[in-house]
Amino acid sequence: MEAIVELNHLRVEYRAPGAGQLKKIAVKDLTLKVNAGEVFGFLGPNGAGKTTTMNVLLGFVNATSGDASLFGVNVREPIARQRIGYLPELTYYYKFLTAEEILRFYAKIFGIPAAETEQRIDQLLKLVELEHARKRPLKSYSKGMQQRVGLAQALINNPDLLILDEPTSGLDPLGRMKVRQIIQRLKNEGRTVFFSSHELGEVETVCDRVAIINQGELKVEGPVSELMAKYEANLEQIFLRIIGYQEEAIAA
Amino acid sequence: MRTVLALAGVVIKELYRRKDFYVLFVLTALITLVLGAVKFFNDEHIVRYLKEICLLLIWVSALVIAIVTTARQIPAERENRTIFPLLAKPVSRAQVIAGKFAGCWLACALVLAVFYIFFVVISGSREHEWPILNYFQAMWLQWMMLGVVIAFVMFGSVIFAAPSSNTTISFILVIGILFIGRHLGEVALRQTEPVRSIAYTLYFLIPHLEWFDVRERVAFHQNLIPWSACGLASLYAACYSAFLLWAAWLVFRRKPLNV
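Protein sequences, first through last, are from chains A and B.
Positions 1 to 252 (the working numbering) are the ones given, in order, by the first sequence.
Positions 1 to 259 (the working numbering) are the ones given, in order, by the second sequence.
In short, the hints are calculated from the structure, not lab data.
Errors might be hidden in some of the hints.
[To be verified] Listed below are the simulated DSSO-like cross-link pairs for lysine-lysine, each with C-alpha atoms no more than 27 Å apart in a straight line:
{"hint": "1", "chain 1": "A", "residue 1": "135", "chain 2": "B", "residue 2": "13"}
{"hint": "2", "chain 1": "B", "residue 1": "13", "chain 2": "A", "residue 2": "126"}
{"hint": "3", "chain 1": "A", "residue 1": "178", "chain 2": "A", "residue 2": "135"}
{"hint": "4", "chain 1": "B", "residue 1": "255", "chain 2": "A", "residue 2": "23"}
{"hint": "5", "chain 1": "A", "residue 1": "143", "chain 2": "B", "residue 2": "19"}
{"hint": "6", "chain 1": "A", "residue 1": "95", "chain 2": "B", "residue 2": "255"}
{"hint": "7", "chain 1": "A", "residue 1": "135", "chain 2": "B", "residue 2": "19"}
{"hint": "8", "chain 1": "B", "residue 1": "19", "chain 2": "A", "residue 2": "95"}
{"hint": "9", "chain 1": "A", "residue 1": "108", "chain 2": "B", "residue 2": "255"}
{"hint": "10", "chain 1": "A", "residue 1": "143", "chain 2": "B", "residue 2": "13"}
{"hint": "11", "chain 1": "B", "residue 1": "13", "chain 2": "A", "residue 2": "95"}
[To be verified] From chain B, some residues computed to sit far from chain A (all C-beta separations above 10 Å):
{"hint": "12", "residue": "5"}
{"hint": "13", "residue": "31"}
{"hint": "14", "residue": "68"}
{"hint": "15", "residue": "84"}
{"hint": "16", "residue": "85"}
{"hint": "17", "residue": "90"}
{"hint": "18", "residue": "91"}
{"hint": "19", "residue": "120"}
{"hint": "20", "residue": "127"}
{"hint": "21", "residue": "159"}
{"hint": "22", "residue": "162"}
{"hint": "23", "residue": "206"}
{"hint": "24", "residue": "210"}
{"hint": "25", "residue": "223"}
{"hint": "26", "residue": "249"}
{"hint": "27", "residue": "257"}
[Claimed, not checked] Rough simulated footprint, nothing fancy, chain B against chain A, three-plus residues with beta-carbon under 8 Å:
{"hint": "28", "region": "52-63"}
{"hint": "29", "region": "77-84"}
{"hint": "30", "region": "173-183"}
Note that the Cβ used here is the ideal one computed from N, Cα and C, for glycine as well.
Just chain B, with the same shape it has in the complex (with noise of 0.2 Å):
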């Protein structure tokens, strides 16, 4: 455990040191600011507008931080030869599987947490509520997600060389999971065989990433999501999570690494 936690413990640094974090959190802060500053049509619900747009930036800064910080960690480490060292130490590559996958999750839990916590003080400053729990369970959905496109971008990394070929790939399809998921069941049910199967197939394959975006609940004040179905929520991207990681782990504990 202590070689996963010293692991991810570099991957934390290696992400408050670079500037990605920084320029998206300004990024997003300056857009809610600026559109929070104008009046539109007098309308008094406009900050729930206010609440979708910062909520949609924060979905995508979150993203764009996880995906481009889990894509670079194995072939970065390739390329620029750290590997070696670190697997000239008693660390086996599961512990390096685990460890980069624990340091970028926890990378994400603490951007999210700064993102979440500008958000809660800007809508709170406007509304003047404060449905923390609401807030909690759209964090806690989100981070749950980013778990499961993590591992699956951490998968790419032990097959794509590159870092840059695994980050468009990855952002590729995770886009396409998000938009196009969860419409395959509707679209196999208009197709003939065999496309109908294959599109069923892929329906039941793909994480469905889209049951973790509650962000219209969150701004449009709807009542808490049941507990359990967060619980199960949280165990199918654990599940979906495990088993990506694992799949990584068989590609990458034979892959030889010449120096």
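Chain A on its own, in the form it takes in the complex (with noise of 0.2 Å):
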């Protein structure tokens, strides 16, 4: 099976700041592949790793040591993120564009013909159900609608490869229905979905596969079902017991 994301012994370093320049270790020894059409979770508590391992498979930190690689492609190509879409946490756009703005922005990023840009712009704020705000700037939007646009600026290129990071924090429990929708719909059609997220529910619904990493290193990784049979109990009990919390310990 071909290997979208590759990760290979990644390590990353940072000099904390206000440390005597220490060197605190975000990601050790990181080996993890994730496979064509496959839906994988990354998951782990906050301060784990998950984000800067995003950061490095999108280019925005280079790794210590070891090799990231999408599609075959070194992640310091450019060319590696033409076939990905992302999606942040939160919101970050150019608040004094439009939303079509901002999609015909993307696309021409991506080279996407003219033509085309208009008809998936159409397309795609028919799907995040925001036709009607469509000529308003983001600055007027919502929270939700924010993360909306996201959604669909994630989706602009039609990508191989979806990237998302905790993609369902502060949406309302419809905006959540809506990207668990697309996620699976992305599925359906055979592309990769590579996403972080804290609602464990959410992910045993819709992942193939899950890997747990705890500070900076891989704990465990494998299909959900496997995993559930495996330790017998649902992933959120899997993901206590790895992080190191005992349910006694919950209990009381």
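Hints given; two lone chains; assemble the complex.
Okay, structure coming up:
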């Protein structure tokens, strides 16, 4: 099976500010593969190194050692990002642009022909239910609406791989359902989804495989059903056990 | 190229959707029109002073727009985190620098065009002369000078994290170069070593923005500048801009951007 995302012995170190230039190890020797057509859940508590790993995949941060590639291309090459869509945890878009302008801007970057761009903008705004607000500047949008614009921009190039960083955080139940439906639809179309989330019930529903990391280290990886059978527990219980919380302690 | 142009388009949109340009244009127009309406000492050549004031206002306004617009580009992208969805696309950091530079420089061309049209109308209506080529040279050289300023501020914007600190430092340095730069050579001559060498080095290192200032020639109807001199000045500006943009890219290309 073709590996879409590949991490080989990835290590990321930071110089912690104000700590006498001490090094903080964000990711330790992380080796991971996400295959074509998979929905892969990347889990871990806050500060585990999930976002840092995504930052390396997206070229925001360089790895201290090890390799990271998308579609077999080193993530340092901008072309590695030609076939991906990325939805950040929070919305970060030019507030003076309208929804259709921001989508047109990103479509231009991907080199999508003008006629096709307009068609896709119509489809995507319909999908995220923002047709009525397409000509309004983003600064007038609610948080949920901005997140939906984020989802539309992540899909503008019809990506083969979608990287979602906690896609449902800050969304209302309806918005969450919409994101879940979109992930499911992409899965049915055979696309690959790599996403981090704290919503473990959601992960259990949509993911084929998951990886749990803690303090920068990969703790467990495998198909959701196999892990649940092995640990005889649901994903939330497995997660808590792996990151070191004892169920008795929680009960107490 | 399409990525650079797309990025430039966003910068231009930002400029005309903000109020900076409109405020500065209205102020320039108001000051010039009020001064033009008053007759001082029945001087027939008063229009020359009016032209000088109008050109000064155009210089100040264009500098303010160029510095403020450029200074906020990359720091604001980082502060507002709009840089993340952008760099998650097939966009290199060199393209970000080039696109931002192109956007700011083209936006300045639009700003200068509006200001100079106003200037041509005002001076032409008072003098009944239309030395369009002189005006074009003045505008062209000012635009070239703004290219150097924008590249300089762009370099600052990858070093300073806050738009405000970049704006302030850039203003001080650009105004310093414009006022003191031309005198550094003379100052160096009067010094002893090692100050002389330091002053000379600085004199030859800094971009001489004052060379692009032809306001007096325009106000006092002097002859056209030879086109070869204009060409050389443009080449000088292009070399400085390219060097500063390259330096900005060197700093920016390895800069970690943490979400």
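Right, here's what the structure says about each hint:
A distance of roughly 15 Å separates the Cα atoms of residue 135 of chain A and residue 13 of chain B; the hinted pair therefore holds under the 27 Å criterion. A C-alpha spacing of about 25 Å is found between residue 13 of chain B and residue 126 of chain A, which places the hinted pair at or below 27 Å, so the restraint holds. Proposed proximity of residue 178 of chain A and residue 135 of chain A is supported: the alpha carbons are some 22 Å apart, at most 27 Å. Simply put, residue 255 of chain B and residue 23 of chain A have alpha-carbon atoms about 17 Å apart, close enough for the 27 Å limit, and the pair holds.
The hinted pair formed by residue 143 of chain A and residue 19 of chain B meets the criterion: a straight-line CA distance of about 26 Å does not exceed 27 Å. Taking the CA atoms of residue 95 of chain A and residue 255 of chain B, the gap is near 25 Å; set against the 27 Å cutoff, the hint holds. Taken as a hint, the residue 135 of chain A and residue 19 of chain B pair is honoured in the structure, with Cα atoms around 20 Å apart against an allowance of 27 Å. Taken as a hint, the residue 19 of chain B and residue 95 of chain A pair is honoured in the structure, with Cα atoms around 15 Å apart against an allowance of 27 Å.
Straight-line distance between C-alpha atoms of residue 108 of chain A and residue 255 of chain B comes to about 26 Å, which keeps the hinted pair within the 27 Å bound. Between residue 143 of chain A and residue 13 of chain B the CA atoms are separated by roughly 23 Å; this keeps the pair inside 27 Å, and the hint holds. For a cut-off of 27 Å, the pair hint linking residue 13 of chain B to residue 95 of chain A stands: about 11 Å separates their Cα positions. Non-interface call for residue 5 of chain B relative to chain A: violated, since the shortest CB-CB distance, roughly 8 Å, does not exceed 10 Å.
Interface exclusion of residue 31 of chain B from chain A stands, the closest Cβ pair being 29 Å apart, more than 10 Å. Look at residue 68 of chain B: its CB is around 15 Å from the nearest CB on chain A, clear of 10 Å, so calling it non-interface holds up. Consistency note on residue 84 of chain B: stated as away from chain A, yet its beta-carbon is not over 10 Å from all of that chain's, at 5 Å minimum. A Cβ of chain A approaches the Cβ of residue 85 of chain B within 10 Å, the least distance being about 6 Å, so the stated non-interface status is violated.
Not every beta carbon of chain A lies more than 10 Å from that of residue 90 of chain B, the smallest distance being close to 5 Å; the non-interface claim is violated. Not every Cβ of chain A is farther than 10 Å from the Cβ of residue 91 of chain B; the closest lies at roughly 6 Å, contradicting the non-interface assignment. At roughly 31 Å, the least C-beta separation between residue 120 of chain B and chain A is larger than 10 Å, which holds for a residue marked as non-interface. The Cβ of residue 127 of chain B sits about 40 Å from the closest Cβ of chain A, beyond the 10 Å cut-off, so the non-interface label holds.
At the 10 Å boundary, the C-beta of residue 159 of chain B stays outside the reach of chain A, the nearest C-beta of that chain being 17 Å off. With a least beta-carbon separation of about 16 Å from chain A, residue 162 of chain B lies farther than 10 Å from that chain, consistent with its non-interface assignment. With a cut of 10 Å on Cβ distances, residue 206 of chain B stays outside the contact zone with chain A, its closest approach being about 33 Å. With a least beta-carbon separation of about 35 Å from chain A, residue 210 of chain B lies farther than 10 Å from that chain, consistent with its non-interface assignment.
Annotated as non-interface, residue 223 of chain B keeps its C-beta farther than 10 Å from every C-beta of chain A; the closest such distance is 45 Å. Consistency note on residue 249 of chain B: stated as away from chain A, and its beta-carbon is indeed over 10 Å from all of that chain's, at 14 Å minimum. Residue 257 of chain B, annotated as away from the interface, has a beta carbon of chain A within 10 Å; the closest lies near 4 Å. Proximity of the region 52-63 of chain A to chain B, defined as three or more residues with a beta carbon under 8 Å from a beta carbon of that chain, is established by the 8 residues found.
Remark: the region 77-84 of chain A is confirmed as covered by chain B, as 6 of its residues place a Cβ nearer than 8 Å to a Cβ of that chain, reaching the required three. With 0 residues having a beta carbon nearer than 8 Å to a beta carbon of chain B, the region 173-183 of chain A misses the requirement of three or more and the stated coverage is violated.
Figure legend: structure checked against the earlier numbered hints; hints not met, in rising order: 12, 15, 16, 17, 18, 27 and 30.
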